[in-house]
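Going by full-length UniProt numbering, the first residue of the sequence shown is number 1, and it counts up by one from there.
Since the hints were derived computationally from the structure, they do not count as laboratory data.
Note that the structure is predicted; figures quoted are calculated from it, not measured.
Check each hint, because a few of them may be wrong.
Stated by the list, open to error - Restricting the straight-line Cα-Cα distance to at most 27 Å, the calculated cross-link-like pairs of lysine-lysine (DSS-like) are:
| hint | residue 1 | residue 2 |
| --- | --- | --- |
| 1 | 111 | 34 |
| 2 | 111 | 37 |
| 3 | 190 | 111 |
| 4 | 139 | 125 |
What the hints assert, rightly or not - Now the in silico label distances, taken between C-beta atoms and shown as ranges:
| hint | residue 1 | residue 2 | range |
| --- | --- | --- | --- |
| 5 | 145 | 116 | 23 to 29 Å |
| 6 | 185 | 225 | 30 to 36 Å |
| 7 | 163 | 102 | 30 to 36 Å |
| 8 | 180 | 96 | 31 to 37 Å |
| 9 | 46 | 219 | 55 to 61 Å |
| 10 | 153 | 102 | 17 to 23 Å |
| 11 | 127 | 155 | 20 to 26 Å |
| 12 | 118 | 93 | 33 to 39 Å |
| 13 | 107 | 225 | 16 to 22 Å |
Beta carbons: idealized from backbone N, C-alpha and C, even for Gly.
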Amino acid sequence: MGKKTLQFIVTLGLLGSLLAGCSSGNNGSNEEIKQLKQEIAALKEENEKLKQANGPESEEHEAAEKEALAEEPEQTPEPDSGLAAELNKAVTIADFAEFTVTGTKFAKIVKPSKPGTFYTYYEAKEPDTTYLAITIKLKSLLESGKSADRFADVTVKYNDKYEYNTFSTIEDQGGADFTYTNITSIEPLKTATLLYLAEVPTEVETGTSPLKAVISMNDKEYELIIR
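Work the whole structure out from these sequences, hints included.
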């Protein structure tokens, strides 16, 4: 509380006491009451001026704080990195999924594991390109079905700097065909075979530089060393 406000309150208290005295018949206090009333009026005026002077400053400060908060970028959790995935070794993410990388291969044409009479296949049609196919068996540990394309994302990194995105497909009819992951749900405790395909230059296949896949799943990142 400011000094002026305190003085204003004390003066009001004195005036109240004097008025109480007047009601008891003390007429000699009239001059003092008049003087106190003038002082109160002056303090009121000064108090209003102080409010007006501080008001805009407080509003500006509050507006600046709100603007600063609005400008702060929204924080998103960083995925856990440094985790490893190994070929044919199961990885369990509690209450989410269990997955095993069962194979990686380069191929110009990628077919399902047990092609039927009619089946879908993928062909790298650009010159000097091929597919790197990463096969993952995935068991859902969720309580309800989840779209197959939403379990994981896979990125291929060559020579520790060149990155290639993948798209996914899922085996159907026991491996006789492929179907789309975005229209296929993996139900609780069911296992599915997914392939993540990256179209890469043939240099990635024939070169000797480091090659790895980064599997992002449920805010965790697993590195699979291919070579």
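Those earlier numbered hints the structure runs against, lowest number first:
1, 2, 4, 7 and 8
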